[in-house]
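Undergrad: Please take these sequences and the hints and turn them into a complete structure.
Chains as they are written, first to last, in the numbering used here: chain A, 4 to 405; chain B, 4 to 405; chain C, 4 to 405; chain D, 4 to 405.
Hints may contain errors.
Pairs count within a copy or across copies, as identical chains cannot be separated in the list.
[What the hints assert, rightly or not] Simulated pairs of lysine to aspartate or glutamate, EDC-like, Cα-Cα distance not exceeding 20 Å:
id	residue 1	residue 2
1	Lys242	Asp142
2	Lys355	Asp44
3	Lys355	Glu207
4	Lys224	Glu207
5	Lys145	Asp283
6	Lys145	Glu239
7	Lys145	Asp189
8	Lys224	Glu198
9	Lys282	Asp142
10	Lys201	Glu154
11	Lys242	Asp320
12	Lys355	Glu39
13	Lys201	Asp225
14	Lys355	Glu220
Since the hints were made in silico from the structure, they are not lab data.
There are 4 protein chains.
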Amino acid sequence: MTFYEQFDDRLSAEDLGLIERARSFCRADFRTRAHEAYLRDQPFDVDIVRQWAELGMLALQVDRSVGGHGASYLCKVRVAQEMAEHSFAAAFALNNMQGMATRLCRDGTAEQQGRFLERMMSGSVIAALAMTEPQGGSDLRKLATHVNRVEGGWLLNGTKSWVTNGTIVNCLMVLAHTATSSGGSDIAGYLVECEDGKGLTRSEIRVPGAQSFRLAEITFKDYFIPATAQLYGPGEAIKTSLEAINAARVHVAAMCVASLRSALGSAAQYCGSRVAFGKDVLQHQGLRWELAQVATQLEAASALVFKAAAAVNDRRDARDLAARAKAFAIPVAVRGIEECIRVMGAVGASSKHRLSMLHSEVRMAAFADGTQEMLLDRIGRTLNEPSDAKPNANVAADTRQS
Amino acid sequence: MTFYEQFDDRLSAEDLGLIERARSFCRADFRTRAHEAYLRDQPFDVDIVRQWAELGMLALQVDRSVGGHGASYLCKVRVAQEMAEHSFAAAFALNNMQGMATRLCRDGTAEQQGRFLERMMSGSVIAALAMTEPQGGSDLRKLATHVNRVEGGWLLNGTKSWVTNGTIVNCLMVLAHTATSSGGSDIAGYLVECEDGKGLTRSEIRVPGAQSFRLAEITFKDYFIPATAQLYGPGEAIKTSLEAINAARVHVAAMCVASLRSALGSAAQYCGSRVAFGKDVLQHQGLRWELAQVATQLEAASALVFKAAAAVNDRRDARDLAARAKAFAIPVAVRGIEECIRVMGAVGASSKHRLSMLHSEVRMAAFADGTQEMLLDRIGRTLNEPSDAKPNANVAADTRQS
Amino acid sequence: MTFYEQFDDRLSAEDLGLIERARSFCRADFRTRAHEAYLRDQPFDVDIVRQWAELGMLALQVDRSVGGHGASYLCKVRVAQEMAEHSFAAAFALNNMQGMATRLCRDGTAEQQGRFLERMMSGSVIAALAMTEPQGGSDLRKLATHVNRVEGGWLLNGTKSWVTNGTIVNCLMVLAHTATSSGGSDIAGYLVECEDGKGLTRSEIRVPGAQSFRLAEITFKDYFIPATAQLYGPGEAIKTSLEAINAARVHVAAMCVASLRSALGSAAQYCGSRVAFGKDVLQHQGLRWELAQVATQLEAASALVFKAAAAVNDRRDARDLAARAKAFAIPVAVRGIEECIRVMGAVGASSKHRLSMLHSEVRMAAFADGTQEMLLDRIGRTLNEPSDAKPNANVAADTRQS
Amino acid sequence: MTFYEQFDDRLSAEDLGLIERARSFCRADFRTRAHEAYLRDQPFDVDIVRQWAELGMLALQVDRSVGGHGASYLCKVRVAQEMAEHSFAAAFALNNMQGMATRLCRDGTAEQQGRFLERMMSGSVIAALAMTEPQGGSDLRKLATHVNRVEGGWLLNGTKSWVTNGTIVNCLMVLAHTATSSGGSDIAGYLVECEDGKGLTRSEIRVPGAQSFRLAEITFKDYFIPATAQLYGPGEAIKTSLEAINAARVHVAAMCVASLRSALGSAAQYCGSRVAFGKDVLQHQGLRWELAQVATQLEAASALVFKAAAAVNDRRDARDLAARAKAFAIPVAVRGIEECIRVMGAVGASSKHRLSMLHSEVRMAAFADGTQEMLLDRIGRTLNEPSDAKPNANVAADTRQS
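TA: Dropping the structure here:
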């Protein structure tokens, strides 16, 4: 094992065991079934959720005391990379579920944990965050969803868009205003069980080739949520979201690295076995250099992602590194997979290979947890600070864009 | 009209009228129906072939004496660009049919013309070239298809891949060896009527998002073709194919320019109407510059494509220009559309907009009429020739790759 | 002649004759002497100014009635390209002088023409524009130079920076405020004879490798200029400068194209003659493709520059095209020459070849007549305008930057 | 200190102390004097060699038992980075001397060590490797230099090119054939004292802006070398050179990272203090993003270089990583510094700032220890090997190029 060696040097034996278990599953059953689903224009089979839960992967970072594995952040990243080699979207969606279980274990009330935690870890509750809205996009200042107090709880109104697992989700963490103030200090977070029909409607969002995200838009109209549903009080909801953003950025970047690695491996293998103009394609120096350039970019992305992941893992200030890791890795992966497709000739783009799927999926990474534009603004903000003494500026600054 | 003005300056009133007619059709009926088909994961409706024929577009370059329009090459390019603004694949596929009618009018026997020409111009015969094979790709020296003399004709054996309109084609121009020699001088061309079952089988090639090419692999097993079917004698088939390659390269490059132009227009319009962080997205200088960079590349591609198209039109030596135009325009279009998608945010990738479709379609342009690798070899070959006095080297050199 | 053929198709026999005359001179005497000067770390010999004038090149666009050649804009561009193949800086500096003669012929009073025109055409008066200032850069709103009325003329105060030919200039067109208003409507233009010592001091600005621009900063302290010196009244000075900007941008872009063409020619020739690892370097496919990529970009730049030049020549609205041509051609030239240097190995960077010089010189093109940033703002401004009907917006908008 | 933190985590207190000492010197005296020399078109003052030696830097990796510091490879890299922030060429040249002392300490005979080692550590002997030749470049199979046995030693004939410190070197490690066989197994290495005139001539190689390398071509004509001068026997010379190449590649890449970091810091500081169009330049989002892109690339280069340096330091197989680190970092640095220059406006290119110098110097890094072409061939060779089990292939393969 060399490509991921920087990670492996830092992982416990237990973490390494979890990764090995994930790898075995992903390279066998999952790999085959994900591609078969893709050939049918379907998302990966939901039964895989159950299998993934059985492997313990939905409880990876959940405390051991409540049935989880207490794995490190670096371990979580590596597990997601193992799956992202075969489907970025599935890795993203399944890790999303794992993240909700971890969050609940950390921040939920006893009542909330009792109701949801076990079912989240077993995969019977499919949970997701719901922050983005159709009009506001990533701009939390434009959040329009709100709750109104009623007897025994609240009525929820608003629309959430681009919800991961949105077509099958049955539990949402919803950010909503509790007052009419436009500031944001009144935004709270609710753990909402989703029952279609009772004021909740959903419509699928189709992104060709990226169906495994199961994206949907979910609209609430006077949807009742009980008093016990509040997970974060006013003001806390945004704070906790922002605290999570560096980890999320690096995590997404790491999955992109894995998807590109897999695409490059496929392309190199194909080109090494196909003959054109008298020798195998990889023996044509020009084409070989094109793949070598991709390999070089990939290695740089991997090294940067590790550096940022280690900072997140060690709870150091990772804002700049996380932004740079994502700003670097996503375009490298999108363009790199594109190049792998091109180099393979027309067959590379066909559904016979997974590269078109990976490209469509990885492209969506650009929009999760901060667009390229927000990242560049974040990076640009500290260009002129002496790197020898970085001030510990307010994390919330991350959502501003000038 | 400014974007295509270089073309327009060179077109006759009649040519301009044909383009106007194509534009009206494409911006109305076609645009809507192409997108609707895409939403259903279908290729554009075949009925559009009939309508396009009725507009005279399948007989664009066919001689006026036999019912065509005798349009110039520049006119043909512009007509294809009008459609490529809405679907690159449809423009490619429909122009392919037009090209077969033109070829038949120029090179066919009276018997062949009598049997096919009118039906090709009306769209009831769907014809296509069949050169590429599964193993050999673009390398004609590896052509394996061959014919054997039998009473009254030949028996055809071999497999053709990546056939445009392959799932619906009913007439193929097939290149095949007539002898066992491996040289190529024995390769002839046959106009083959396609009847499934009688030794002909086809299987669809699925390229996600690019279904409008209707690509298929077609296999012949002792398939009988009559003596009258020979369109090109041994040796002529390759020669005529190579002569057509410069025109084809520039034509494909020109369609890519049109698709990118359309994508950029969509992105600019969307970004100009969407508000984020307090102002419309296009008012954010960084993002505006990203689109300005795409616009700049687009303008360069358009200028280069025109220069090459004019050379083809005027029957000057266009080998270098055609190679450079395609080598420049295809990556500019693929990356430019990708950038337009990204800049629009996640919605840009969804099937709500046509950009993902255009990206999947334009990506295939790289493989038609010479891959990027073959083009770079072509361009590299004359780097060291004084441009003031280019030798008129053998066109056939185009298929060599070192 | 094929590379510049788009130009040549549009030039009169007289124009073609002038270009041929320039080419002969540049490829012989000039080429040799420019390189010799570079080896001595010197700008090209001033005696070349006299020779260039004798060829008529300093009066290229001056009216025939007063001794000029009345050449077209396209001709002027091509003449400058001939010299830019050997030294971009010299071509820039000498054309600058020519531009001043043309301006004087068009806008000067009879007194001014009588005093300067003949001497400008013969090269004994070295004239230049002086707009840029140390603090304001390209932002005319920050112009600080001003004149105060005195008996018989004005006293001039202020500093002009980055003056082309600044170390030898003896006649400057200076923009200066005539009142204290900050608007700009009071800015006038003066034709100032330069006498060192009498309140005028100059200091050389050293740009390593680009000494042939002979850049200097010139400071005026109570420098007297006579009443007859006013060339443009208040308000006219900016207007005339802005009107000239599209022509200037395209012209600079065209010279960059010529410099890159020359660098590519040198690199291809060198690589074609040098043997490494058993064959000449150009036979290594990977390296050949690198140069082929440069050749492809060059061809696109050339086509776009011609398109923009034709628009300027024909007095069509060229604002967008000019901005795009410069925004495309300058980075293509800078990176392309850099690539040529790299491909040649270490020797490419040494003073034995002219490529390092061309790189240092072409790099400066980015700063003349609008930085990349200003161009992108200009291009971004019309992204959302329907290209079929462009409004004839105020040219002055070109200096705004948001 | 955050930028270099990955290194610092792995360094001993003693190593960190050496780096701190180097940093203090470089940021004070050296920085100022290097820039002053540049303004005079001179290499850095030779007196700096003596000062650098006094700091112990010419004995960094020499064994403590003979007066050196026994510093780690990572420490050596960081020391070189401290100087490369101010002059890449000086850092390269001075480290070259240090490398010769280390080599002598490791491989020299007692006689050779007695004669040279102390003088190398004190800087009075300026030593360098001499491998490259005018015709053969990096291709050792074309080595033409040879020795002939004579009484008491050999007569040396041949020409070495691109010798670092070549204008002042007084001790060369020369590779030369000992027989006429063309294989390479007869190539030996000699430690040659250089006395001009006695059959040794040198001529400076001028690379504009990069004079601090003091490059020269050195020709030997029947130059006598004593029997004691042989450092490596036939066959050993090439082997030891190849063993050193991974360390050298990473080292050069690391210096490039440092030079780019310095250039970016200068550009950000300048843009943060200069006002244009109403606000400081760094407040213009578009330009800020351009620098943010450079910062992102820089961070990736730094992370990759560290990963490769750690592998070299720990004596793991670093061939792929070293090749990728150099292939990534050099173009990132060259283009990044170029971008920093451009963003600063014309002043960035002037000799007032060190950026043009850094650009000219860093450009030369491409040619040391394997061109981009050789690196891509190296990287391409293992594309198709499973990364989980890399074969320990012959290092010598690094010099082949197909």
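Undergrad: Compare the structure with each hint and give your call.
TA: Consistency of the hints with the structure:
Taking the shortest Cα distances, Lys242 and Asp142 sit within 20 Å of each other inside one copy (14 Å), while across copies they are farther apart (42 Å). Both within a single protomer and between protomers do Lys355 and Asp44 lie at most 20 Å apart by alpha-carbon distance, with minima of 13 Å and 17 Å respectively. For the homomeric pair Lys355 and Glu207, the shortest alpha-carbon distance between copies (11 Å) is at most 20 Å, but the shortest distance inside one copy (26 Å) is not. Within a single copy, Lys224 and Glu207 get their C-alpha atoms as close as 18 Å, which meets the 20 Å cut-off; across copies the closest is 45 Å, which misses it.
Taking identical chains as interchangeable, the C-alpha atoms of Lys145 and Asp283 lie at most 20 Å apart only when they sit on different chains, with a minimum of 13 Å there against 56 Å within one chain. Within a single copy, Lys145 and Glu239 get their C-alpha atoms as close as 17 Å, which meets the 20 Å cut-off; across copies the closest is 47 Å, which misses it. When the C-alpha separation of Lys145 and Asp189 is checked against a cutoff of 20 Å, the pair qualifies only within one copy, where the shortest distance is 13 Å, while the shortest distance between copies is 45 Å. In this assembly of identical chains, the alpha carbons of Lys224 and Glu198 lie at most 20 Å apart only when taken from the same copy (12 Å versus 57 Å across copies).
In this assembly of identical chains, the alpha carbons of Lys282 and Asp142 lie at most 20 Å apart only when taken from different copies (12 Å versus 54 Å within one copy). Only within a single protomer do Lys201 and Glu154 lie at most 20 Å apart by alpha-carbon distance; the minimum there is 17 Å, versus 75 Å between protomers. For a Cα distance limit of 20 Å, the shortest separation of Lys242 from Asp320 inside one copy, 16 Å, qualifies, whereas the shortest one across copies, 45 Å, does not. Taking CA atoms no more than 20 Å apart as the test, Lys355 paired with Glu39 passes inside one copy only; the shortest distance there is 10 Å, against 26 Å between copies.
Only within a single protomer do Lys201 and Asp225 lie at most 20 Å apart by alpha-carbon distance; the minimum there is 9 Å, versus 64 Å between protomers. For a Cα distance limit of 20 Å, the shortest separation of Lys355 from Glu220 across copies, 13 Å, qualifies, whereas the shortest one inside one copy, 31 Å, does not.
When each numbered hint is compared with the structure, no violation occurs for any of them.
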